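2 protein chains.
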Amino acid sequence: MPPANRFMELALAEAEAAGKRGEVPIGAVVVLDGEVVASAGNRTRELHDVTAHAEIAAIRLAAERVGDERLSGADLYVTLEPCTMCAAAISFARIRRLYYGAEDPKGGGVDNGVRFYAQPTCHHAPEVYSGLSESRAADILKAFFRERREEP
Amino acid sequence: MPPANRFMELALAEAEAAGKRGEVPIGAVVVLDGEVVASAGNRTRELHDVTAHAEIAAIRLAAERVGDERLSGADLYVTLEPCTMCAAAISFARIRRLYYGAEDPKGGGVDNGVRFYAQPTCHHAPEVYSGLSESRAADILKAFFRERREEP
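Chains as they are written, first to last, in our numbering: chain A, 6 to 157; chain Z, 6 to 157.
So that you can see chain A by itself, here it is in the shape it has in the complex (with noise of 0.2 Å):
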């Protein structure tokens, strides 16, 4: 398996895992010269934490492991589209590469929503490549929001 493809996998692994602890099911690897330095799923519930998603959970993780905040020269994978939040903590955290998996047009802010990275006010802005499983990484978000209706 190629490797973005097994990191992506990583990172479905860990919305799948978000999702049975009731969290919103997203997840998010940091790779940095070929290493996983850091995977999260979303926390916001746990932790009681709007800005605990995947991606922040994922790139806070890195940062400490790293000892630096900017991770410069990392790549990080999400399954959804992140939201404007996230995008610009994206960007703060001089991430090289964004691959994400399914396109979130209500909540999306890399490309729907802001764009932030086409603003002027974005002054960092990683490659993005979307697409990656993102059947797979929508069908673990409808199938918990589909059981989540269900529920009595």
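Take these hints with a grain of salt, some might be off.
Claimed, not checked - Below, a sample of chain A positions facing chain Z; criterion: calculated Cβ distance under 10 Å:
#  : residue
1  : Thr49
2  : Leu52
3  : Asp54
4  : His58
5  : Ile64
6  : Glu74
7  : Arg75
8  : Thr89
9  : Ala94
10 : Phe121
11 : Pro125
12 : Thr126
13 : His128
14 : Val133
To be verified - Distance windows between CB atoms, simulated:
#  : chain 1 : residue 1 : chain 2 : residue 2 : range
15 : A       : Asp144    : Z       : Arg153    : 46 to 52 Å
16 : A       : Arg11     : Z       : Pro7      : 57 to 63 Å
17 : A       : Ala143    : Z       : Glu156    : 28 to 34 Å
18 : Z       : Gly78     : A       : Phe150    : 43 to 49 Å
19 : A       : Asp144    : Z       : Glu156    : 30 to 36 Å
20 : Z       : Glu156    : A       : Lys25     : 48 to 54 Å
21 : A       : Glu152    : Z       : Asp73     : 20 to 26 Å
22 : A       : Ala148    : Z       : Ala148    : 32 to 38 Å
23 : Z       : Phe150    : A       : Ala148    : 47 to 53 Å
24 : A       : Glu152    : Z       : Pro7      : 32 to 38 Å
These are computed hints drawn from the structure, not numbers from a lab.
Just so we're clear, the structure is a prediction, and the values are computed from it rather than from any experiment.
The C-beta atom is built at its ideal place from N, Cα and C for all residues, glycine as well.
Knowing the structure of chain A, use the given hints to seat chain Z on it.
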């Protein structure tokens, strides 16, 4: 002194304290039912965390104290116009009113840049009040960057 000015005074004090720690001097205060539930300065350098802007640091602290990630009914005071990341975080936290000091044409995301609260991908917008103690808020930032430039 009217309460709004008193809370902004506290945010300015947090900004000054952050500057003394070598952080970009921005401060924020979360107020719920007329009481300060959290106040914080920028902590990005200290925590190696690009997301530890004053607003997010204060929101996280407030959510921890309140035991709920949604701070419905709470107001946030911050010395500088929030950036795109913080504008979205403030929306996610369901902040009722946002009071900020100086505008930030280069990095702001409320009345500059992406103007997040006016976008269809923004699902909760606080009421926004700007210009509170704006010259002092701006002066604290200008003095900080002037000193840094003058350092050998």
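Does the structure break any of the earlier hints, and which numbers would those be? Checked against the structure, the hints that fail are numbers 14, 17, 18, 19, 22 and 24, while the rest are satisfied.
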